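Participant: Turn these sequences into a full structure, and let the hints guide you.
For reference, the chains in residue letters:
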Amino acid sequence: MKKLHGVRLSHHKHTENSASQPLPLPKLVRIPMSMHIGAPCTPLVKPKDTVAVGQKIGDTDAFMSAPIHTGVSGTVRAITTYRMSNGRTCPMVEIETDGKQTIFPEVKPPEITNKQSFLAAVRESGLTGMGGASFPAHVKLSPKQPVDTLVINGAECEPYITSDYRQMTEAPEEVMDGVLQVLNWLEIPKAIIGIETNKPEAIRLLTEEARSHPEIEIASLSTLYPQGAEKVLIYNTLGRIVMEGQLPADQGVIVMNVSSVAFLSRYLRTGMPMTQRLITVDGDAVKNPCNLMVPIGTPVQDVLAFAGCDIDRANKLLYGGPMMGMAISDPADPVLKSNNAILAFEKLQSPKSSPCIHCGRCITACPLQLMPVEMAKALRRKDAAALEKLHVMLCMNCGCCTYACPAKRPVAETNQLAKAFYQSQKNK
Amino acid sequence: MASLFTVSPSPHIRGNLTTQKIMFLVILALCPAIAAATVLFGLRAMLLVVFCGGISVLTELICQKLMKKDITVSDGSALLTGVLLALNLPVTLPLWEAAIGCIFAVAVVKQLFGGLGCNFANPAITGRVFLLLSFAGDMTTWVKPFYYRSMGSGMLSSSAGIENLDAVTGATPLASGDADLLSLFVGNVGGSLGETSALALLVGGVFLLLIGVISYHAPVAYLGSLAVLELIYTLASGGELTAVPYALLSGGVILGAFFMATDYVTTPITGKGKLLFGIGCGLLTFVIREFASMPEGCSFSILLMNLLTPYIDRLTMTRPLGAKLVAKEESTNG
Numbered sequence: 026m027k028k029l030h031g032v033r034l035s036h037h038k039h040t041e042n043s044a045s046q047p048l049p050l051p052k053l054v055r056i057p058m059s060m061h062i063g064a065p066c067t068p069l070v071k072p073k074d075t076v077a078v079g080q081k082i083g084d085t086d087a088f089m090s091a092p093i094h095t096g097v098s099g100t101v102r103a104i105t106t107y108r109m110s111n112g113r114t115c116p117m118v119e120i121e122t123d124g125k126q127t128i129f130p131e132v133k134p135p136e137i138t139n140k141q142s143f144l145a146a147v148r149e150s151g152l153t154g155m156g157g158a159s160f161p162a163h164v165k166l167s168p169k170q171p172v173d174t175l176v177i178n179g180a181e182c183e184p185y186i187t188s189d190y191r192q193m194t195e196a197p198e199e200v201m202d203g204v205l206q207v208l209n210w211l212e213i214p215k216a217i218i219g220i221e222t223n224k225p226e227a228i229r230l231l232t233e234e235a236r237s238h239p240e241i242e243i244a245s246l247s248t249l250y251p252q253g254a255e256k257v258l259i260y261n262t263l264g265r266i267v268m269e270g271q272l273p274a275d276q277g278v279i280v281m282n283v284s285s286v287a288f289l290s291r292y293l294r295t296g297m298p299m300t301q302r303l304i305t306v307d308g309d310a311v312k313n314p315c316n317l318m319v320p321i322g323t324p325v326q327d328v329l330a331f332a333g334c335d336i337d338r339a340n341k342l343l344y345g346g347p348m349m350g351m352a353i354s355d356p357a358d359p360v361l362k363s364n365n366a367i368l369a370f371e372k373l374q375s376p377k378s379s380p381c382i383h384c385g386r387c388i389t390a391c392p393l394q395l396m397p398v399e400m401a402k403a404l405r406r407k408d409a410a411a412l413e414k415l416h417v418m419l420c421m422n423c424g425c426c427t428y429a430c431p432a433k434r435p436v437a438e439t440n441q442l443a444k445a446f447y448q449s450q451k452n453k
Numbered sequence: 011m012a013s014l015f016t017v018s019p020s021p022h023i024r025g026n027l028t029t030q031k032i033m034f035l036v037i038l039a040l041c042p043a044i045a046a047a048t049v050l051f052g053l054r055a056m057l058l059v060v061f062c063g064g065i066s067v068l069t070e071l072i073c074q075k076l077m078k079k080d081i082t083v084s085d086g087s088a089l090l091t092g093v094l095l096a097l098n099l100p101v102t103l104p105l106w107e108a109a110i111g112c113i114f115a116v117a118v119v120k121q122l123f124g125g126l127g128c129n130f131a132n133p134a135i136t137g138r139v140f141l142l143l144s145f146a147g148d149m150t151t152w153v154k155p156f157y158y159r160s161m162g163s164g165m166l167s168s169s170a171g172i173e174n175l176d177a178v179t180g181a182t183p184l185a186s187g188d189a190d191l192l193s194l195f196v197g198n199v200g201g202s203l204g205e206t207s208a209l210a211l212l213v214g215g216v217f218l219l220l221i222g223v224i225s226y227h228a229p230v231a232y233l234g235s236l237a238v239l240e241l242i243y244t245l246a247s248g249g250e251l252t253a254v255p256y257a258l259l260s261g262g263v264i265l266g267a268f269f270m271a272t273d274y275v276t277t278p279i280t281g282k283g284k285l286l287f288g289i290g291c292g293l294l295t296f297v298i299r300e301f302a303s304m305p306e307g308c309s310f311s312i313l314l315m316n317l318l319t320p321y322i323d324r325l326t327m328t329r330p331l332g333a334k335l336v337a338k339e340e341s342t343n344g
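Chains A and B, in that order, are what the protein sequence lines are.
Just so you know, we're using the working numbering here: the first sequence kicks off at 26 and counts up by one.
Just so you know, we're using the working numbering here: the second sequence kicks off at 11 and counts up by one.
Where hints are given, some of them may not hold.
[Stated by the list, open to error] Heads up, simulated PhoX-like pairs for lysine-lysine below, C-alpha to C-alpha not over 25 Å straight-line: (1) B:K334 with A:K451; (2) B:K334 with A:K402; (3) A:K28 with A:K414; (4) A:K407 with B:K334; (5) A:K433 with B:K78; (6) A:K377 with B:K282; (7) B:K75 with A:K433; (8) B:K31 with A:K372; (9) B:K31 with A:K414; (10) A:K27 with B:K334; (11) A:K377 with A:K402; (12) A:K414 with B:K334; (13) A:K433 with B:K31; (14) A:K414 with A:K444; (15) A:K433 with B:K334; (16) B:K334 with A:K444; (17) B:K154 with B:K75; (18) A:K377 with B:K75; (19) A:K28 with B:K282; (20) B:K334 with A:K377; (21) A:K71 with A:K125; (22) B:K334 with A:K453; (23) A:K215 with A:K169; (24) A:K140 with A:K73; (25) B:K282 with A:K27; (26) A:K215 with A:K81; (27) A:K407 with A:K433; (28) B:K31 with A:K377; (29) A:K402 with A:K444; (30) A:K433 with A:K451; (31) B:K31 with A:K28; (32) A:K402 with B:K79; (33) A:K169 with B:K78; (34) B:K282 with A:K402; (35) A:K312 with A:K372.
Worth flagging that the hints you see were computed from the coordinates, not collected in a lab.
This structure is a prediction, so every number in the text was calculated from the model and none was measured.
Facilitator: Next comes the structure, spelled out in structure tokens:
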């Protein structure tokens, strides 16, 4: 089996020993009606409504979507507009907290008797992939193709982030229970949990948990970014190749994040939907790096202030890790379901780029052996046929090419432009 | 909120390697060869290296000023071109001729084609070939190592009077075929500054391989294919087997294989492409040496292969993981 390439990064896992702790209740939360791939939800509440923890505040009839709940009790202040990272907008429910954290009376463990009721419960939980892509879980768990393996992503290959690691070490039994539930209700025969070797404690604890479950295998994966990328993970755990235009299910695989399955376990036990999540707060502008349990919708500035970050000195704020994370323009923006970290940096300037010297490092760094240098040339001459031959749509934007480029060119960014151009030509 | 934040696409961190670092690492790797040249051919060798480096940097600076482009001489690429060209010159070459070579390499071969990354041929090699065709006599006047011991104090600044020395030899060992292998290996023979000591070049070349600045493909393919061809030729013509190592150690093959055939800009980008490039160089060097009128074919072979690089690149595209074949569709369309 060919070994996939990648880049070796400094881990910066400063928070690996920082136990998760709750963030003091924020005064205001701002909950966007779209935090997932798919249709945005419509608000179910209006200004001045009183809401309680776990109450559903947004939903839609669309299949490709997930309902939205509040993690605080209080009063709806206003319905405003949120600008998403893709430039589009969606409604946003702003709630002033009352500090009581009253639990919504309808919150109770779901009754599950078969696959249908399980999938319905997963949808009601509001779960979307917690690793970053935020794909609605009930959609992912209802593939048309037969699935023989559940792959659990515990790689956490991005620098700084340790929220998955804390989940695996603080409550490995939740991870295990979540995996068993999915295997059981979807009748999948086996599961593989992939973890990078730089997390020996997580590997040890989960191996212990899995001892009485022969259908669950723990795979130690080499510490090489992007080990946690879906295609890379599937290849390295099962040797299967997700072909161009395919979904993992086409190869008989469903991939879920460790934190997602652990959440499922908690939801099935308590009935409390996705209203809060664990995030790592770190970066060189953060004095006290930590792992915080925060209500979804908490303003980023509240999280950073708690971790001792002087926001005025920061020059870059990120949702997620430094390789694939998204830059935040407004510190009042909320923590989203998909955020596994909030990072703040004082000195993270984009370096000046110089001409390409044709060194080929973007090709050798690419886990999929794509040719970014040739894609850039094809894009410059607006050659969609050449982009097709270069398999541009395979690019997963992991950023290895940009990281490796000695000329400091925005290689991955150019790939994305090439993808957009190719798609616009194809749809003509 | 007073502060403004940088908003840019991911990734937000970059590796430490820069173009400038790469260039200076290659120059560092050439230092053993420069030191060997200085020991063998005297301080004038060092002078020629510094002079060529300086003229090349100055040429690039003036070109960029004239063309109103960003000044990028600090990236080290012009300096590297000058140093490489110097190592391809005989120690006795008049400085003004060396300067013309540098100006041609940097101004014509590199800057006129768009500067760093845009030239299709290796500037140092093209500069050398230009000088060889322009000043054939001076470019093929080789002195024996340590010739300077028999000269007075004037040897640093001038090449006048060298014609009268009995140290002058008309040919490199490649042409005369009269050196022993050990002399060839350490460089105790006549030749260009940097090509005589295989040992010093190998030290630098292996250093570049180990730190990952160059890959093994082109050097191994070049030296390997040349060795195989020479072996077959020697066996077929009934010569002595020492002809094979002799062919590898004499002339500019080692310098070419490790420092010219590995130039990023003018050689193929994938490993497979680099292998093809190296084999092509080996084949052309062999053909020129054995069947053409010129004794040395290294520069010409690399230059010719530079021209084929875009085609090799097209033939050796990678097959990405998960890629569906589109070749069939294409052939039916065409």
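Participant: CA of A:K377 to CA of B:K75, is that 25 Å or under?
Facilitator: 20 Å, holds
Participant: Is B:K31 within 25 Å of A:K28, Cα to Cα?
Facilitator: 28 Å, violated
Participant: Does the structure keep A:K27 and B:K334 at a Cα separation of 25 Å or less?
Facilitator: The given pair, whose Cα atoms are some 17 Å apart, holds under the 25 Å limit.
Participant: What's the verdict on B:K282 and A:K402, does the C-alpha distance respect the 25 Å limit or exceed it?
Facilitator: With a Cα-Cα distance of about 20 Å, the restraint between B:K282 and A:K402 holds, given a limit of 25 Å.
Participant: Taking 25 Å as the top limit, are the C-alpha atoms of A:K402 and A:K444 close enough?
Facilitator: 13 Å, holds
Participant: Would the pair B:K31 and A:K372 pass a check requiring their Cα atoms to be no farther apart than 25 Å?
Facilitator: Between B:K31 and A:K372 the Cα gap is close to 22 Å, so the pair holds against 25 Å.
Participant: Is A:K28 close enough to B:K282, meaning Cα to Cα at most 25 Å?
Facilitator: This hinted pair holds, its Cα atoms lying about 17 Å apart.
Participant: Does A:K433 pair with B:K334 here, judged by a C-alpha cut-off of 25 Å?
Facilitator: 31 Å, violated
Participant: Hint check: B:K75 vs A:K433, CA-CA at most 25 Å. Holds or violated?
Facilitator: 24 Å, holds
Participant: Is the straight-line distance between the alpha-carbon of A:K377 and that of B:K282 25 Å or less?
Facilitator: 31 Å, violated
Participant: Tell me if the straight-line CA distance from A:K414 to B:K334 falls inside 25 Å.
Facilitator: Roughly 9 Å between the alpha carbons, so the hint for A:K414 and B:K334 holds.
Participant: When you check the alpha-carbon spacing of A:K433 and B:K78, does it fall within 25 Å?
Facilitator: Roughly 22 Å separates the two Cα atoms, so the pair holds.
The structure fails to meet hints 6, 9, 15, 17, 20, 24, 26, 30, 31 and 33 from the earlier list, while all remaining hints are met.
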